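2 protein chains.
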Amino acid sequence: MIVGLRHTPIASVLLTNGDIDHVAGLLTLREKQPFELFSTAGIAEVIGGNPIFQALDPKFVTRRTVTLDAPFELVDGVTARLFPVPGKVPLYLEGDVVDTDLEGEQTVGVELSGRHGARAYYIPGCARMTEALANRLRGADAVFFDGTLWQDDEMIRMGVGAKTGKRMGHMSMSGPDGSIAAFAGLDVARRIFVHINNTNPVLNDFSAERAEAEAAGWTIARDGMEVLL
Amino acid sequence: MIVGLRHTPIASVLLTNGDIDHVAGLLTLREKQPFELFSTAGIAEVIGGNPIFQALDPKFVTRRTVTLDAPFELVDGVTARLFPVPGKVPLYLEGDVVDTDLEGEQTVGVELSGRHGARAYYIPGCARMTEALANRLRGADAVFFDGTLWQDDEMIRMGVGAKTGKRMGHMSMSGPDGSIAAFAGLDVARRIFVHINNTNPVLNDFSAERAEAEAAGWTIARDGMEVLL
Numbered sequence: 001m002i003v004g005l006r007h008t009p010i011a012s013v014l015l016t017n018g019d020i021d022h023v024a025g026l027l028t029l030r031e032k033q034p035f036e037l038f039s040t041a042g043i044a045e046v047i048g049g050n051p052i053f054q055a056l057d058p059k060f061v062t063r064r065t066v067t068l069d070a071p072f073e074l075v076d077g078v079t080a081r082l083f084p085v086p087g088k089v090p091l092y093l094e095g096d097v098v099d100t101d102l103e104g105e106q107t108v109g110v111e112l113s114g115r116h117g118a119r120a121y122y123i124p125g126c127a128r129m130t131e132a133l134a135n136r137l138r139g140a141d142a143v144f145f146d147g148t149l150w151q152d153d154e155m156i157r158m159g160v161g162a163k164t165g166k167r168m169g170h171m172s173m174s175g176p177d178g179s180i181a182a183f184a185g186l187d188v189a190r191r192i193f194v195h196i197n198n199t200n201p202v203l204n205d206f207s208a209e210r211a212e213a214e215a216a217g218w219t220i221a222r223d224g225m226e227v228l229l
Numbered sequence: 001m002i003v004g005l006r007h008t009p010i011a012s013v014l015l016t017n018g019d020i021d022h023v024a025g026l027l028t029l030r031e032k033q034p035f036e037l038f039s040t041a042g043i044a045e046v047i048g049g050n051p052i053f054q055a056l057d058p059k060f061v062t063r064r065t066v067t068l069d070a071p072f073e074l075v076d077g078v079t080a081r082l083f084p085v086p087g088k089v090p091l092y093l094e095g096d097v098v099d100t101d102l103e104g105e106q107t108v109g110v111e112l113s114g115r116h117g118a119r120a121y122y123i124p125g126c127a128r129m130t131e132a133l134a135n136r137l138r139g140a141d142a143v144f145f146d147g148t149l150w151q152d153d154e155m156i157r158m159g160v161g162a163k164t165g166k167r168m169g170h171m172s173m174s175g176p177d178g179s180i181a182a183f184a185g186l187d188v189a190r191r192i193f194v195h196i197n198n199t200n201p202v203l204n205d206f207s208a209e210r211a212e213a214e215a216a217g218w219t220i221a222r223d224g225m226e227v228l229l
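In order, the protein sequence lines correspond to chains Z and U.
The opening residue of the first sequence carries number 1 in the numbering used here; numbering runs sequentially from there.
The opening residue of the second sequence carries number 1 in the numbering used here; numbering runs sequentially from there.
Bound-form chain Z, shown alone:
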């Protein structure tokens, strides 16, 4: 183990999805620094099916497969628990027919709890708010939630893509079936949008949509953000 000049403070990496925006970053981590790589068996299989991830040298990087709904120690003092949320398989593994409302090991949310009892959730991709998910999130100290799109047909309207949010496995922020409405009665102390697509107008500090999201009690995540609970 080499410390010093190339040391990083990364102790653990937890994958919640096998899609490129969730896993490609593994290839830019230092090759000879130890950390633990946690994922479900489903996502571990995706990673294991790509020899390029052997770059994470098993001498340094320990792969740990975790079971849905079973708590585990993510880093010292922080317990995590994975649970399925509606979603789909990674884009590069899609077949001709795509189930975008799949609940399994491919798209998961994370419950994080600390020593002092704070309870937070990280859910960067979610196709739909189910009753079970609403019940789980109720009363949480913080939820980091899928903020991909403002509106389902946003990418089509902007002329940058052919897919709706639903087709990509993402619920939108706005509208009666959107995330802002879905969280309205859930009593979540801090609501933070993450995983925001570059077409989403909330990224513009001065947009009406940004004002609307903030007025509804949401924060738009930014690079380097730290949240203390």
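FYI, nobody ran anything at the bench for these hints, they're computed from the structure.
Hints may contain errors.
[To be verified] Listed next, with one range per pair, are the computed distances between beta-carbon atoms:
#1 U:M225 / Z:R167: 38 to 44 Å
#2 Z:D101 / U:V98: 52 to 58 Å
#3 U:T219 / Z:H116: 56 to 62 Å
#4 U:E31 / Z:A134: 31 to 37 Å
#5 Z:A211 / U:A208: 54 to 60 Å
#6 U:M225 / Z:G139: 54 to 60 Å
[Said to hold, decoys possible] DSSO-like cross-link-like pairs, simulated, lysine-lysine; straight-line CA separation at most 27 Å:
#7 U:K59 / Z:K166
#8 U:K166 / Z:K166
#9 Z:K163 / U:K32
#10 Z:K32 / U:K163
#11 U:K59 / U:K32
#12 Z:K32 / Z:K59
#13 U:K166 / Z:K32
#14 U:K59 / Z:K163
#15 Z:K59 / U:K166
#16 U:K163 / Z:K59
Small disclaimer: the values here were computed from a predicted structure and weren't measured.
Ideal placement from N, C-alpha and C gives every residue a C-beta, glycine not left out.
For chain Z, the structure is supplied; the task is to place chain U on it using the hints.
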């Protein structure tokens, strides 16, 4: 095909090596923009063995396998030809015994020729200057060459790694068997170091090594550099 907001001017990508620093960038290219992806069969096999590269949608990205020593049109008006140089297989495919002086399809150089007869070479990894390679490069208008390390044991001395340059398949810039000495009699009009490791002192504008490389007629490549021949 979607043009406009997400258009890029990239017409072709040519891989000279299957290692992560040569191929991971493919995962950050726009998914729905057409381009041609050229490589040897050996490197195509590495890419093909990783389903994650299916992100390069075959509807848009055409994979073309090229044969060593056979010229092909890389982009309009530019002919390329690949040739083997001493090197090794990608790190993540290394077995227990590693041949770092392998000449085959895994590490290649590129000869580029334009309509007006200019002749340039791109060789980002090379373990050793062979007589055949020296003869090939003699009199070229430009050579972009492996500038990984200044000195073979540089990473060990700096405490950031356990490997020599030779072990990684790279000849160093300095010393009697280094690239600066090897090019001394080759009459190459422009000599440009690329693929420079962050331990290499030539990256420091004010180092003695930078001055030595420049005095020997070399240019240190930088981001955004353009070269007209």
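Right, here's what the structure says about each hint:
Distance hint check: the CB atoms of U:M225 and Z:R167 are about 41 Å apart, consistent with the given range 38 to 44 Å. For Z:D101 and U:V98, the hinted distance range of 52 to 58 Å is not satisfied, since their beta carbons lie about 47 Å from each other. Between U:T219 and Z:H116 the C-beta distance comes to about 57 Å, which sits within the given range of 56 to 62 Å. Here the CB-CB span from U:E31 to Z:A134 is close to 33 Å, well matched to the stated 31 to 37 Å.
Between Z:A211 and U:A208, the C-beta spacing of about 57 Å keeps the proposed range 54 to 60 Å intact. About 56 Å separates the C-beta atoms of U:M225 and Z:G139, a value consistent with the hinted range of 54 to 60 Å. For a cut-off of 27 Å, the pair hint linking U:K59 to Z:K166 stands: about 22 Å separates their Cα positions. For the given pair, U:K166 sits about 51 Å from Z:K166 by alpha-carbon distance, which is inconsistent with the 27 Å threshold.
For the proposed pair Z:K163 and U:K32, the alpha carbon gap of about 12 Å is at most 27 Å, so the pair holds. Only pairs whose Cα atoms come within 27 Å are accepted, and Z:K32 paired with U:K163 is accepted, the gap being roughly 12 Å. Our distance criterion of 27 Å between C-alpha atoms is met by U:K59 and U:K32, whose separation comes to about 8 Å. Taking the CA atoms of Z:K32 and Z:K59, the gap is near 8 Å; set against the 27 Å cutoff, the hint holds.
Using a Cα cut-off of 27 Å, the hinted pair U:K166 and Z:K32 holds, with the two alpha carbons roughly 19 Å apart. Taking the CA atoms of U:K59 and Z:K163, the gap is about 16 Å. The hint holds against a cut of 27 Å. Our distance criterion of 27 Å between C-alpha atoms is met by Z:K59 and U:K166, whose separation comes to about 22 Å. At most 27 Å may separate the alpha-carbon atoms for a hinted pair to count; U:K163 and Z:K59 meet this at roughly 16 Å.
Against the hints set out earlier in the document, violations occur for numbers 2 and 8.
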